[in-house]
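Peer 1: These are the residues of each chain, in order.
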Amino acid sequence: MIIFLAKKVAQMVPVLLGITIISFFVIHLAPGRPADALTELNPKVSLEVRDRLQKLYGLDRPLWVQYGDWLSRMVRMDFGASFADGRRVVPKILETLPVTLLINLASLLLILGIGVPLGALCAIKKGSWIDRSVSTILFLLFAAPTFWLALLLMDAIGVKLGWLPVFGIKSIDFAYLSWPQKFIDVARHLVLPVGISAISSLAGISRYVHQNMIQTLQQPFILACRSRGLPERLVIYRHGLRNALLPIITILGLSVPGLVSGSVIFESIFAIPGTGRLFYASVMARDYPVIMALLVLAAVLTLLGNLLADIGYGLADPRIRYPKNAA
Amino acid sequence: MLHDFLQKPQTRFGLILIGLFLAVAVLGPLLCPWAPDAVDETSLLIPPSRAHWMGTDQLGRDVLSRLMAGARISLTIGFVVVLIATAVGIFIGATAGYFGGALDAILMRLVDIALCFPVMFLILSVIAVLEPSTANIILILGLTGWMGQARLVRAEVLSLKNRDFVLLARSYGASHSRIILRHLVPNAAGPVIVAAIFGVAGAILAEASLSFLGLGIQPPTPSWGNMLADARSTLGVAWWQSLFPGGAIFLILAALNSLGESARASLMAERSSGE
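Line order of the protein sequences matches chains A and B. Under the numbering used here, the first residue of the first sequence is numbered 1, with each subsequent residue one higher. Under the numbering used here, the first residue of the second sequence is numbered 1001, with each subsequent residue one higher.
Just so you know, the hints here were simulated from the structure itself, not pulled from any lab data. Please note that the accuracy of each hint is not assured.
Lysine-lysine pairs mimicking DSBU-like chemistry, simulated, CA-CA at most 35 Å apart [unchecked claim]:
#, chain 1, residue 1, chain 2, residue 2
1, A, LYS7, B, LYS1161
2, A, LYS126, B, LYS1008
3, A, LYS160, A, LYS182
4, A, LYS125, B, LYS1008
5, A, LYS170, A, LYS182
6, A, LYS170, A, LYS160
7, B, LYS1161, B, LYS1008
8, A, LYS8, B, LYS1161
All values reported here derive from a predicted model rather than from experimental measurement.
Just chain A, same shape as in the assembly (with noise of 0.2 Å):
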């Protein structure tokens, strides 16, 4: 188990320093300066003034020292300040985190609390009226675009019936309501963006499980249960069950980005102020420093996230903490 482990960490290494590169390089390569965009709304700017800004920034050095300076700041957690508002970028980030994690737990949870237990049914009473059902909706569900279900949904929920807010996370008397009130409130806006993310991902979830779930029944083990005599909801639940979910402990591992990252379509047709609708601000403001800390985080985020997947999956199956070929 350390040699699997040490060799995937070593491996992370030149994945990790590609991606520093990649981000640096793509973003500072842009026509658009940054100054430009400080200067833009005010014509009387000289070009004294702008220049003087780009050597604030060390942009009219060499992209290679830009390069280089930048990356050791990084590995220390500095991150600059933001060009638009200069503020440190690090706490820029962290103060929009609560929020999409909220979001994306809640969402993560209804997804595998529905998802999981649907496809393992549908798996299960395979051919039945139920399956057909199920699967049909699942595969309409699938295709649909979430932002569109989003639009339809307010339109219909939001706005209609004005059952729900569809604006934001809290109202404008937030600050004036009491502990359980405020509560309610974030609440009630929460409903459709966790509603409507976790419906679109829960198909996907769901129809892997079911694919899982036949496959894995359709082993010789199971078999061997069958003839042994247990009882079905021993052979399905214990034996089948168990052994069909394991690819799940992947998908765990890979959705530890999205939680951090959120959704910048979400969370802009919300106003969710999370991670997501501060990235789609910084693109639109050519927001350099912030742009390229959330693109590094994310990244590094996803390299973690296939780790803890690679460990979580070594831990529940010794086939792949020993392979064959290693002895």
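On the provided structure of chain A, position chain B as indicated by the hints.
Peer 2: Leaving out everything else, chain B in the frame of chain A:
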């Protein structure tokens, strides 16, 4: 084999719908009841009626006509993007699998690196750098979508490159490029085509998402995504403005997914019976 595949209801559903959309995309300008960008301030936000089957938007433009013009753009982007992604994927995957060694290691690390970026973040960063023109959107989506194909082709090439027919070709003195292009790539076609079908769906969705965010196809050129973006400002007033463009995306994605799944099932059945 092909006959069985074409007989399946999933295949037919997919092919018929895709054919319909293609017909609309090609014949669109002939069928359009109105000019797609004709502003008419006397008919703002008219609900679906006999003159405007899908209603009009806040500038009085006919939604159906814009939908048809949008079909041409969305489908073109979907297919061209996949063409680029598949070409790059085949080139990198086949090179890595065939030559192996250090080249393989470097190219596959490159794939690992590219896969680490959340797709939407990567695309948006590049768009922040370039201007969001149609050509740039196609280029960006194509160049961020080849990694899956590369891995697939590499795996296929690895399993094929020591087969007898390849060794035979080599013994005749065939060049590397001839072996790759004439013997290896055609035999890897099945999985590549399946992935390409899903790729078209992914590209169409990505374009719609970008246009919805205002970073894709720029108005006044109609695309399904920017039509949905327009619909945001008439939420609760004009349901037809969001229902129809989104419905078009939904139908084409359902058709492509259905075709892709059917093709994948046929491919798996063929492979398991052949070995």
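Peer 1: Please go over all the hints and tell whether each is borne out by the structure.
Peer 2: Hints and how they fare:
Proximity of LYS7 (chain A) to LYS1161 (chain B) is assessed by CA-CA distance (about 27 Å); at most 35 Å being required, the pair is judged to hold. Distance check on the hinted pair: LYS126 (chain A) and LYS1008 (chain B) sit about 19 Å apart at the alpha-carbon level, within 35 Å; holds. A distance of roughly 24 Å separates the Cα atoms of LYS160 (chain A) and LYS182 (chain A); the hinted pair therefore holds under the 35 Å criterion. Using a Cα cut-off of 35 Å, the hinted pair LYS125 (chain A) and LYS1008 (chain B) holds, with the two alpha carbons roughly 22 Å apart.
The hinted pair formed by LYS170 (chain A) and LYS182 (chain A) meets the criterion: a straight-line CA distance of about 8 Å does not exceed 35 Å. A hinted pair counts as satisfied when its Cα atoms are at most 35 Å apart, and LYS170 (chain A) with LYS160 (chain A) qualifies at roughly 20 Å. A hinted pair counts as satisfied when its Cα atoms are at most 35 Å apart, and LYS1161 (chain B) with LYS1008 (chain B) qualifies at roughly 33 Å. Straight-line distance between C-alpha atoms of LYS8 (chain A) and LYS1161 (chain B) comes to about 28 Å, which keeps the hinted pair within the 35 Å bound.
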